[in-house]
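> Each chain, letter by letter, is given below.
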Amino acid sequence: MATHDSQSETIFPPPLVSGNHTFHSVTEAVCSVVEAPPSKGWIASFLVALMGLGILGISVGWLIWEGTGVWGLNQPVSWGLAIVNFVFWVGIGHAGTLISAILFLFRQKWRTSINRFAEAMTIFAVMCALVFPTIHVGRVWLLYWALPIPNQMGMWPNFKSPLLWDVFAVSTYFTVSLLFWFTGLIPDLATLRDRAKSKVAYWAYGIASLGWRGANRHWQNYEKAYLILAGLSAPLVLSVHTIVSFDFAVSVIPGWHTTIFPPYFVAGAIFSGFAMVITLAVPARKIFKLEDFITVRHIENMNKIILTTGMMVGYAYAMEFFIAWYSASEYESYTFVNRAFGPYAWAYWIMVSCNVITPQLFWSKKIRTNMTWSFILSIFVNIGMWFERFVITMSLHRDFLPSAWDYYTPTMWDFGCFIGTFGLFFTLFLLFLKFLPSIAIAEVKGVMPQADPHWEGYGHHGDHGHEAQPAHATADKGGHHG
Amino acid sequence: MSTPNPGNEGKPLFVFPAFHNRVPLLLAPVLAIAPIAVIAAVWYWFSPWFTDVGYQPEQPVAYSHKLHAGDLAIDCRYCHVGVEKGAHAGVPPTQTCMNCHTNVKKDSPYLLPVRESWASGKPVEWVRIHKTPDYAYFDHSIHVNAAIGCESCHGRIDQMVEVWQDQPLSMGWCLDCHKAPENHLRPKGTSTVMGYTPPGGDQLALGEKIKKEARINPPINCSGCHR
Chain A
1 MATHDSQSET
11 IFPPPLVSGN
21 HTFHSVTEAV
31 CSVVEAPPSK
41 GWIASFLVAL
51 MGLGILGISV
61 GWLIWEGTGV
71 WGLNQPVSWG
81 LAIVNFVFWV
91 GIGHAGTLIS
101 AILFLFRQKW
111 RTSINRFAEA
121 MTIFAVMCAL
131 VFPTIHVGRV
141 WLLYWALPIP
151 NQMGMWPNFK
161 SPLLWDVFAV
171 STYFTVSLLF
181 WFTGLIPDLA
191 TLRDRAKSKV
201 AYWAYGIASL
211 GWRGANRHWQ
221 NYEKAYLILA
231 GLSAPLVLSV
241 HTIVSFDFAV
251 SVIPGWHTTI
261 FPPYFVAGAI
271 FSGFAMVITL
281 AVPARKIFKL
291 EDFITVRHIE
301 NMNKIILTTG
311 MMVGYAYAME
321 FFIAWYSASE
331 YESYTFVNRA
341 FGPYAWAYWI
351 MVSCNVITPQ
361 LFWSKKIRTN
371 MTWSFILSIF
381 VNIGMWFERF
391 VITMSLHRDF
401 LPSAWDYYTP
411 TMWDFGCFIG
421 TFGLFFTLFL
431 LFLKFLPSIA
441 IAEVKGVMPQ
451 ADPHWEGYGH
461 HGDHGHEAQP
471 AHATADKGGH
481 HG
Chain B
483 MSTPNPGNEG
493 KPLFVFPAFH
503 NRVPLLLAPV
513 LAIAPIAVIA
523 AVWYWFSPWF
533 TDVGYQPEQP
543 VAYSHKLHAG
553 DLAIDCRYCH
563 VGVEKGAHAG
573 VPPTQTCMNC
583 HTNVKKDSPY
593 LLPVRESWAS
603 GKPVEWVRIH
613 KTPDYAYFDH
623 SIHVNAAIGC
633 ESCHGRIDQM
643 VEVWQDQPLS
653 MGWCLDCHKA
663 PENHLRPKGT
673 STVMGYTPPG
683 GDQLALGEKI
693 KKEARINPPI
703 NCSGCHR
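Protein chains in written order, with this note's numbering: chain A, 1 to 482; chain B, 483 to 709.
Bound-form chain A, shown alone (with noise of 0.2 Å):
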C-alpha cells in the first residue's frame, strides 16, 4: 500500500484544491475575506496605498499645472520614464490574459485559483499603464484628439504611426479583459448577494450579478460567453505588446529599429507579468489563508514559467548583441557597446542579474516552492524588467551625432508619477480583495478531487483504496471545466 501511494505521488501532480475541503467550505474561505470586517494589516497598507496614490494625484496634478516641463525631458532624451513605466504596467497585465484566456484554452486546470486574482492585477496594471500615454499630452483635456472622432478642425490620427495602434490595442486589451474578468465574477457576485447581511452588500451584489440563478442555462450561456472571450483575448496576449514594441521598432534609432523587437517584448511582458502574480500571491495566500487554493503547485508553475520566458528575454539580449556586431553598422554596434559599458552601464548590469542571472535559481525544486525565495526573486524580475524598459528607452542618449548626446536624469516629478502609480494600483488591489472574491469560487469547485464523479471521499476512502488513484487523475487531467 506505502509503494503504492508513493508511486500515484509520482504519477499524478498534487490535486490543485488541498485540505479535503467541502464545496461548502471553498466558499466559506473565500467569502469569509470580504464579509469579515477589515483587518488592522489591510487598514494599514490601504492607508500606505493611498499616500502613494497622494502622491500621484500631486504628481499629476503638478504637472498639468506646469506642464510636461517638469519632467527630465530634453533632446536627445525625449522619451523618459513615462514610457518606461507604461511599457513596464502593460507588460505586468500580460500574465493575466495569459492565466485567464490561453491557459483556458490549453485546459491548464492550476489556472482556476488565480486566474481571478491575475485578471485584477491586469485591468489594474493597463490602468497605471493608461495615467502615462494620458498625462504626457500635457493638455490632457485634448486627449480626445488621439481617436479618429470626425470634427471641425480637420483633425484626424495618422494611422501610420504606431502610436496610434497603440492607442487602439490598450483601448481593446482593457475593455475585453474587463469584460472577461465581470463575466467570470457574476456567479461568485451571486454567491455574495445570497450571503449578504447589510442591506447596501445585498443591493450592490444584487445589480452586479445581473439577476444570476445558477441555473442550467444560466450556466450553458456563462460558459459560451465565457470560451468566447477567452477566444478574443487570446490573440491579444501576443497583439499587445507586439504594438508596444513597434512605438520603438517601427522608429529608426539604433537600438530599437529591430526585428526581434515583437517577440521579445512579448516573452518580457509574460515574464513580468508572472513575476507580480507571485508578488501579489505569495502575500495574499498567507495573510487570507487562501494556502488550500493557491498551493505551493501553483507558486511552482508560475515559477517554471518565469525561468523559460526569463530565459527567452536572455537570448532576446544577447541575440540584440550579436545582430549589432554581425550588422557591421557602426551605430548598432556603438549603442550596444554603449548600453553595457556606456554611461547607463549600471541600469544595464540592473537588468542583467535580475532578469537573466537570478532566475536561474528556480532550476532548484528547493527554491522553486518556498515561498520566500519565489517572493524575493519575483521583486527582482520586477526591478529588472523595469531596468529593461529603462535601458532600451535610454538608447536615445547617444544617437547618431555625437554633439547631440546627452545624460538623461529623471527629476523628483518622474519618480513621483512612478512612485504613485503603485499607490494607485494596491489602492485598488486591496479594494479589489476586499470587495469581491479574489478565487473564483465556481470554478474551483470544479477542479477539486471531490468534484469528479467517481471520487470516492468524505470517509469511505478504505473501502475503495484501488479505485482512489484513477478517480484522482480523472479529477485533474479529464472532465470539463465548469
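Treat the hints with caution; some may be incorrect.
[Said to hold, decoys possible] Derived coverage of chain B by chain A (criterion: at least 3 residues anywhere in the stretch with Cβ under 8 Å from a Cβ of chain A; other residues may be distant):
hint, region
1, 494-501
2, 520-531
3, 653-664
[Unchecked claim] Away from chain B, derived, C-beta distances all over 10 Å, residues of chain A:
hint, residue
4, 45
5, 46
6, 60
7, 75
8, 135
9, 153
10, 194
11, 206
12, 382
13, 411
14, 422
15, 423
Worth flagging that the hints you see were computed from the coordinates, not collected in a lab. All residues carry an ideal CB built from backbone N, CA and C; glycine is no exception.
Using the hints provided, position chain B relative to the given structure of chain A.
Frame of chain A; chain B shown alone:
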C-alpha cells in the same frame, strides 16, 4: 421580491423586476444614436462657425469701411500697408487718417477721437476682430502674394459699415483652402479687388491654371502652420 431565499433566510430573493428585460432593447438605439448626436453637436456648436462668425465689436471710432473701401474705393493697402510684406496687415496709425482728415471733414464730431489721438499722440484703441491663435503661424504676405483675395477670408469689407468676422478662421476652414486653393486663386494684382469675377465666370478653370503655372502647393502637414 417576496420569494423565499434559500441561501439567506433573512433576505428576500434578489429579483430584477420584469421591465428590465426591455432595457437592452431601449439601450441599443440610444447607444447607437448618442455618440453621433454628441459628435454632430460638438461639430457645430463648439466650432468657430457658430462661436466666432459674426463677431462685430463696437469700435472707438465710427469708421465705415463701406464708405472708404466701397464708395470711395480706397485700396486696402492704403491703410493696411504691411499686408504684402509681413505677417500682419497692420492697423493704420492716426497719421494715416489725418493724411486726409486735416482737410476733409476736419470738424466732424465723428472724428473727435481721431483728432484727440492726433493731439495727444495716444493711438486709437481699435478692437481686434480677426485673431488666429498663438500656436498658428499665419503670414498675410504669402497669401496676398499668391493672389488670394482679401474677401476670401474677410468677406465683402466694402459693404460693411462696421466690420464683422465673416469666416470662422478655424483649422478645418484653413485646411479646406490649403487642400483646394483653386477655389480662391486669382491673377496677381487682383487680391484687393472686392467682388472679383473670374474671366468667363469660371473660377475653377482659372484657379487650376494659376495653381499649375505658379506652382502653388500649400502645406497641409502640422508644421506648415504650427512651427
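> Count residues of the region 494-501 of chain B with a Cβ under 8 Å from any Cβ of chain A, then say if the count reaches three.
The restraint on the region 494-501 of chain B holds, since 3 of its residues have a Cβ under 8 Å from chain A and three suffice.
> Can we trust that residue 153 of chain A is non-interface, i.e. its beta-carbon lies farther than 10 Å from all of chain B?
It is violated; residue 153 of chain A is separated from chain B by about 4 Å at its closest Cβ, not greater than 10 Å.
> For residue 411 of chain A, which was marked as not at the interface, is the minimum beta-carbon distance to chain B over 10 Å?
holds (25 Å)
> For residue 135 of chain A, which was marked as not at the interface, is the minimum beta-carbon distance to chain B over 10 Å?
holds (20 Å)
> Holds or violated: is the Cβ of residue 206 of chain A farther than 10 Å from all Cβ atoms of chain B?
violated (4 Å)
> Would the least Cβ to Cβ distance between residue 422 of chain A and chain B come out above 10 Å?
holds (35 Å)
> Since residue 45 of chain A was said not to touch the interface, does its Cβ keep a gap of more than 10 Å from each Cβ of chain B?
Nearest chain B Cβ is 30 Å from residue 45 of chain A, so the label holds.
> Would you say the region 653-664 of chain B counts as covered by chain A, given the rule of at least 3 residues with C-beta under 8 Å?
Held - the region 653-664 of chain B has 5 residues with a Cβ nearer than 8 Å to chain A, which meets the minimum of three.
> Verify this for me: three or more residues of the region 520-531 of chain B with a beta carbon less than 8 Å from a beta carbon of chain A.
holds (count 8)
> According to the definition I'm using, a residue is off the interface if its beta carbon is farther than 10 Å from all beta carbons of the partner; does residue 60 of chain A meet that for chain B?
Holds: least Cβ distance 23 Å, greater than 10 Å.
> Please verify that the nearest CB of chain B lies beyond 10 Å from residue 75 of chain A's CB.
holds (16 Å)
> Minimum C-beta separation from residue 46 of chain A to chain B exceeding 10 Å: can you confirm that?
It holds; residue 46 of chain A is separated from chain B by about 28 Å at its closest Cβ, greater than 10 Å.
In summary, the structure is inconsistent with hints 9, 10 and 11 from the numbered list given earlier, while agreeing with the others.
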